[in-house]
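Trainee: Using the sequences and the hints given, assemble the complete structure.
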Amino acid sequence: GQSLEQPSEVTAVEGAIVQINCTYQTSGFYGLSWYQQHDGGAPTFLSYNGLDGLEETGRFSSFLSRSDSYGYLLLQELQMKDSASYFCAVDTGRRALTFGSGTRLQVQP
Amino acid sequence: DTAVSQTPKYLVTQMGNDKSIKCEQNLGHDTMYWYKQDSKKFLKIMFSYNNKELIINETVPNRFSPKSPDKAHLNLHINSLELGDSAVYFCASSDAGEPGANVLTFGAGSRLTVL
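Going down the list, the sequences are from chains A and B.
Heads up, our numbering is the position in the first sequence plus 89, with the first residue counted as 1.
Position 85 of the second sequence, counting from 1, maps to 77 under our numbering, and the rest follow consecutively.
Because the hints were derived from the structure by calculation, they are not lab data.
Note that CB positions come from ideal geometry on N, CA and C, so glycine has one too.
Do not take every clue at face value.
Cut-off 25 Å, straight-line C-alpha distance, at most; resulting in silico cross-link-like pairs (DMTMM-like, lysine to aspartate or glutamate) [said to hold, decoys possible]:
(1) Lys36/B - Glu103/A
(2) Lys32/B - Glu144/A
(3) Lys32/B - Glu45/B
(4) Lys28/B - Glu98/A
(5) Lys32/B - Asp171/A
(6) Lys36/B - Asp128/A
(7) Lys36/B - Asp171/A
(8) Lys11/B - Glu74/B
(9) Lys32/B - Asp62/B
(10) Lys33/B - Asp141/A
Cβ pair distances, simulated, as ranges [claimed, not checked]:
(11) Thr146/A - Asp10/B: 37 to 45 Å
(12) Gln6/B - Arg148/A: 40 to 48 Å
(13) Ile106/A - Met7/B: 29 to 37 Å
(14) Val102/A - Pro61/B: 49 to 57 Å
Mentor: So, in structure tokens, the structure goes:
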């Protein structure tokens, strides 16, 4: 079976840096993605790691270690609008993504 | 111009009824999906279609029947609704290509409430 573990909730203050971890156990692995979902909204794509290492997109970075079955999303210079749920998702090559249970990020002033 | 649009946005109905949700994408993608998001926000794949062909049916009860008339449309019909079917249903699409480059674009979701 497939399982992805991520913390259920993280709280941080504006301007800070926060890291959301994701560990996975899947049969087949092609890459790890991250999605953001605001309350009442749709999940939207943030980043993708197919190879080990760090990918940077503006204030957001994502890291993958395939040997450790581990990745994280790093959010810098936090803003109030970053308050949302963040999901890691694994591409197992089945033409669908398997999502983690989501991490609710609360950014406080 | 909405990329993935699904209707209706809200559905409130009684147990035992039948309902449908429609989805259309104008991105030219070859793969479409239905995901179910429960009250704990867990996003679970239900179905995946590639060029109108069913490729994933994730042990969903056969009360749920997807239909893809063409690669831009994927509808979901649900028979004999049960309380546990209450959830937000998301349609999504992607241009899957080779495995590992799969970026999903989601619709706004359809919130189904079964009373």
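Trainee: Decide, hint by hint, whether the structure agrees.
Mentor: Here is what the structure says about each hint:
| no. | hint | result |
| --- | --- | --- |
| 1 | Lys36/B - Glu103/A | violated, 32 Å |
| 2 | Lys32/B - Glu144/A | violated, 29 Å |
| 3 | Lys32/B - Glu45/B | violated, 31 Å |
| 4 | Lys28/B - Glu98/A | holds, 21 Å |
| 5 | Lys32/B - Asp171/A | holds, 20 Å |
| 6 | Lys36/B - Asp128/A | holds, 18 Å |
| 7 | Lys36/B - Asp171/A | holds, 24 Å |
| 8 | Lys11/B - Glu74/B | holds, 11 Å |
| 9 | Lys32/B - Asp62/B | violated, 33 Å |
| 10 | Lys33/B - Asp141/A | violated, 28 Å |
| 11 | Thr146/A - Asp10/B: 37 to 45 Å | holds, 43 Å |
| 12 | Gln6/B - Arg148/A: 40 to 48 Å | holds, 46 Å |
| 13 | Ile106/A - Met7/B: 29 to 37 Å | violated, 48 Å |
| 14 | Val102/A - Pro61/B: 49 to 57 Å | holds, 50 Å |
Against the hints set out earlier in the document, violations occur for numbers 1, 2, 3, 9, 10 and 13.
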